[in-house]
Amino acid sequence: MSAVPILAFRQIEKSFGAIRALRGVNFELQAGEVHALLGENGAGKSTLIKVATGAHAPDAGTIEVAGEVVRRIDPLSARKHGIACIYQQPALFPDLTVEENLALRLEPSSSWRRVDWSTRRQRAETLLSRIGAHFGPDREVRTLSMPEQQLVEIACALGAGARIVIMDEPTASLTRQEQERLFSLVRALRAQSVGVIYISHRLEEIFALADRVTVLRDGASIGTHVVTSMSESRLIELMVGREVAHLYPPTEFSGGAIRLDVRELVCKAGGLKKVSFTVKAGEILGLSGLVGAGRTELARTLFGITPADAGEIRVDGQLLSVRNPRVAVAAGIAYVPEDRRRHGVVLEMPVSHNLTLAARRRYFPWGILRPRVEREAAGHFVESLGIKTAGIGAPAGSLSGGNQQKVSLGRWLATEPKILILDEPTQGVDVGAKGELHRIIRRLAAKGLAVILISSDLPEILGMSDRIGVMREGRLVTVLPGGSSAAAVMAAALGKTEEEKSA
Amino acid sequence: MKTPDAAGIAPKQMPTPHRASAFWKSVLFRHETLLLAVLIVEWWFFYTYGTTTNRRGVVVGFGTWDRQFDILRHSCEIGLLALALTPIILTGGIDLSVGSLLGLCAVVFGHLSQAAGLSLPVATLLTLGLGALAGGLNAGLITGFRLPPLIVTLGTYSLFRGLAEALTRGAVTYTDFSPSFLFFGQERWLGLPVQAWMFLGVAVMIWFLVHSTTAGRSFRVIGFSPEGARFAGIASNRQLGLVYVLAGIIAALAAMIYTARLGQAKADAGTGYELFAITAVVLGGTSIFGGKGSVTGTLLGVAAIAVLKNGLATLPSVIRMNAAEEMAGLLTGCLLIFVLTATTLSGSVLARVRRWTLRARQTGASLP
Chain A
1 MSAVPILAFR
11 QIEKSFGAIR
21 ALRGVNFELQ
31 AGEVHALLGE
41 NGAGKSTLIK
51 VATGAHAPDA
61 GTIEVAGEVV
71 RRIDPLSARK
81 HGIACIYQQP
91 ALFPDLTVEE
101 NLALRLEPSS
111 SWRRVDWSTR
121 RQRAETLLSR
131 IGAHFGPDRE
141 VRTLSMPEQQ
151 LVEIACALGA
161 GARIVIMDEP
171 TASLTRQEQE
181 RLFSLVRALR
191 AQSVGVIYIS
201 HRLEEIFALA
211 DRVTVLRDGA
221 SIGTHVVTSM
231 SESRLIELMV
241 GREVAHLYPP
251 TEFSGGAIRL
261 DVRELVCKAG
271 GLKKVSFTVK
281 AGEILGLSGL
291 VGAGRTELAR
301 TLFGITPADA
311 GEIRVDGQLL
321 SVRNPRVAVA
331 AGIAYVPEDR
341 RRHGVVLEMP
351 VSHNLTLAAR
361 RRYFPWGILR
371 PRVEREAAGH
381 FVESLGIKTA
391 GIGAPAGSLS
401 GGNQQKVSLG
411 RWLATEPKIL
421 ILDEPTQGVD
431 VGAKGELHRI
441 IRRLAAKGLA
451 VILISSDLPE
461 ILGMSDRIGV
471 MREGRLVTVL
481 PGGSSAAAVM
491 AAALGKTEEE
501 KSA
Chain B
1 MKTPDAAGIA
11 PKQMPTPHRA
21 SAFWKSVLFR
31 HETLLLAVLI
41 VEWWFFYTYG
51 TTTNRRGVVV
61 GFGTWDRQFD
71 ILRHSCEIGL
81 LALALTPIIL
91 TGGIDLSVGS
101 LLGLCAVVFG
111 HLSQAAGLSL
121 PVATLLTLGL
131 GALAGGLNAG
141 LITGFRLPPL
151 IVTLGTYSLF
161 RGLAEALTRG
171 AVTYTDFSPS
181 FLFFGQERWL
191 GLPVQAWMFL
201 GVAVMIWFLV
211 HSTTAGRSFR
221 VIGFSPEGAR
231 FAGIASNRQL
241 GLVYVLAGII
251 AALAAMIYTA
261 RLGQAKADAG
271 TGYELFAITA
281 VVLGGTSIFG
291 GKGSVTGTLL
301 GVAAIAVLKN
311 GLATLPSVIR
321 MNAAEEMAGL
331 LTGCLLIFVL
341 TATTLSGSVL
351 ARVRRWTLRA
361 RQTGASLP
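Same order as they appear, the protein sequences are chains A and B. If you read the first sequence in the working numbering, its first letter stands for residue 1, the second for the next number, and so on. If you read the second sequence in the working numbering, its first letter stands for residue 1, the second for the next number, and so on.
Hints are computed from structural coordinates only; laboratory data are not their basis. Take these hints with a grain of salt, some might be off.
Subject to a maximum C-alpha distance of 25 Å in a straight line, what follows is the list of computed DMTMM-like cross-link-like pairs (lysine to aspartate or glutamate) [as the list claims (entries may be wrong)]:
| id | chain 1 | residue 1 | chain 2 | residue 2 |
| --- | --- | --- | --- | --- |
| 1 | A | 80 | A | 13 |
| 2 | A | 434 | A | 252 |
| 3 | A | 273 | A | 376 |
| 4 | A | 447 | A | 232 |
| 5 | B | 292 | A | 339 |
| 6 | B | 292 | A | 348 |
| 7 | A | 274 | A | 252 |
| 8 | A | 268 | A | 148 |
| 9 | A | 268 | A | 252 |
| 10 | A | 280 | A | 252 |
| 11 | B | 292 | A | 374 |
| 12 | A | 268 | B | 227 |
Listing some non-contacts, in silico: residues in chain B with all C-beta distances to chain A over 12 Å [to be verified]:
| id | residue |
| --- | --- |
| 13 | 59 |
| 14 | 68 |
| 15 | 69 |
| 16 | 188 |
| 17 | 196 |
| 18 | 208 |
| 19 | 216 |
| 20 | 234 |
| 21 | 237 |
| 22 | 272 |
| 23 | 287 |
| 24 | 296 |
| 25 | 317 |
| 26 | 335 |
| 27 | 341 |
A few chain A residues that face chain B, going by a derived Cβ cut-off under 7 Å, partial list only [what the hints assert, rightly or not]:
| id | residue |
| --- | --- |
| 28 | 87 |
| 29 | 329 |
| 30 | 332 |
| 31 | 337 |
| 32 | 338 |
| 33 | 343 |
| 34 | 346 |
| 35 | 357 |
| 36 | 369 |
| 37 | 479 |
Beta carbons: idealized from backbone N, C-alpha and C, even for Gly.
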């Protein structure tokens, strides 16, 4: 493959504020190849894709399309260059028919033209037959299944004459059979000398489908390899092989009574399948796994937001029926949610109101607000958590991400919980605040809280956890001891459990 | 990603010595202050130009005590509905059915105390119970079936009025209420119209609920972020139930005061009151999207509308044209638009001034 690549990224850089999402990525796509893009959560895959589709402009580096340097890509020129992207969640209009959706994507947009019904119909039929769809152009998109909608997306890409097709975890919601159909379609695209960028967490798919693979790690490309020359364990090593860049406070845990005991927890709405584990007082249980493995769903079930369908939750030996968050709060379970802007804090409300919101029963016993108590409580948490704010009366939305996170955490510490569930507590938080949060979490555990730490940041899981639970597809597949290697965690998360149990 | 940084830095540069001026700025630019100014201007205008004939046929001005009591008496029912709507709108909801419920409660009360011959306390309790039940129906449909409040109460808006019409076959009017009942709508007690005392009582209660209880705080959280309320462990359904049932009870109270004031109960009682009440609440600065607002604002909003409506009827030119109602509607609309644009405008002007001063301070600070 020495021909001119149809798409090439050279030294692409992209930062969001202080976070460097891409730091010099090199990537080449040849016509007629399936090129897999592999990396952990947050390694920069999505950002790279967004640069390719024009959603983000790179800060530095060059993009070449078919050998020609393109200054930057915007969504319109991406289409002109023949770049099409098929997302995990198809972005079609559910109330329109397949034909209308195709027309919206493919026909030039101008308000003064007549609809050429016969051409429109013909094109829709040709495209659908090309992708081997067994539904007609008149079907309403909302009646199609997820894989069928993906087929429509692919039809759009074909209809637009795409030479570069990007597929972002296309098989995440597909059954085996549907996967096979998709694979044959991808192979057909390859035969028509379309270049396919294929993103997936499932290594076996990469071996089944891809010609070459590029591994991203921490926003940099680690290398491009021919797939047949690689082994699964070598790929995992490439994905995680890095030194821990950040010093984590040492653990003080030396055993304690079992605080939380979960047995065979099932939640159909959250996709949880018989999850069992325990957390001891003073222990930090890290929960690792890929995005969508069911970690947040587990937290929400424990907290009563999506109540369990079966299974047992015991707090200090007492069996609970966590029907709603209030039961959980009363039992001493606190949940600091992942999406702090939507769930963690009320942006429009003052810091003080946010801090006393969850523990309102404790601070205001008769349901009557006591401004002095509220001021003192808020002042206490602002000081002990080091929340940087103009004042306790400032709206939470005016704080930086890290400080909002501290408010969200303080709100739940105010309830004096026994069990603290932290969902991605340091996501989108700058390095300084991150270290601070880690020290706070350690301190809380040392005080006897049972902590469940959900994180997609592997070093954080490795550095903070006394034990590491790994989830995959709604199951808790294994609980590894603290100090396990990154490769062992990653292997379990990806579905390889046989190796590296030496720790 | 840059905004949180900027926001994190900006508050630190707010200088403490300027606290006092900041306080005055916040008072000056408050919605309530603007409304109070509007109210004073209205009153002064009618005081200067309004004339009216008193009971003895003498021409007197707008500034008589009788006139003020008249305003108070006429604004009690809509005022009560506005008070009932304030917590609802704070949760991001709406209740269009309060006016119709007033009509239904009025005829039911009339029927119970006249046709059925029940004693006044029993009829009162039953009517209040009906109000609670009707509010409970709204709440049940909204929380139980997750239907939007606008749709649910649009439905009960027709339902309650239809029931009132059906009960009276559109023809029966209950009159001949006992003087002991009419006392509540037509007499004075301790110098004020009797219903004004009730209105005051409800106002204090709603004020306390909204501003001084955790329930009131929860209404705002639900209004700002229904999802966030769930994650904070707030029993949203219970809180919503509370505000709608409370609205039903207050509408029933308003119905009885209405009946006592006019001495009659008809099925069309309170027609269109819900819109006046909503206007008053929104005029008072409560956000129709929920979260923001105050009971003081609602009271000022009610007063601004009441004075305008009543005052127009004292202007000779308006009296000559016989167009007080129409003028009142027209000017209320203008007032609402004026006050709301003025507030957002002053808000954005304030933000711009703040940005300028901040920038000036930053560049000033960077210089040695």
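We went through each hint and held it up to the structure:
no.	hint	in the structure
1	80(A) to 13(A)	holds, 23 Å
2	434(A) to 252(A)	holds, 19 Å
3	273(A) to 376(A)	violated, 44 Å
4	447(A) to 232(A)	violated, 42 Å
5	292(B) to 339(A)	holds, 23 Å
6	292(B) to 348(A)	holds, 9 Å
7	274(A) to 252(A)	violated, 31 Å
8	268(A) to 148(A)	holds, 24 Å
9	268(A) to 252(A)	violated, 37 Å
10	280(A) to 252(A)	holds, 13 Å
11	292(B) to 374(A)	holds, 20 Å
12	268(A) to 227(B)	holds, 21 Å
13	59	holds, 51 Å
14	68	holds, 34 Å
15	69	holds, 34 Å
16	188	holds, 34 Å
17	196	holds, 27 Å
18	208	violated, 8 Å
19	216	violated, 8 Å
20	234	violated, 8 Å
21	237	violated, 10 Å
22	272	holds, 33 Å
23	287	violated, 10 Å
24	296	holds, 17 Å
25	317	holds, 46 Å
26	335	holds, 27 Å
27	341	holds, 21 Å
28	87	violated, 22 Å
29	329	holds, 5 Å
30	332	violated, 12 Å
31	337	holds, 5 Å
32	338	violated, 10 Å
33	343	holds, 4 Å
34	346	holds, 5 Å
35	357	holds, 5 Å
36	369	holds, 5 Å
37	479	violated, 27 Å
The structure fails to meet hints 3, 4, 7, 9, 18, 19, 20, 21, 23, 28, 30, 32 and 37 from the earlier list, while all remaining hints are met.
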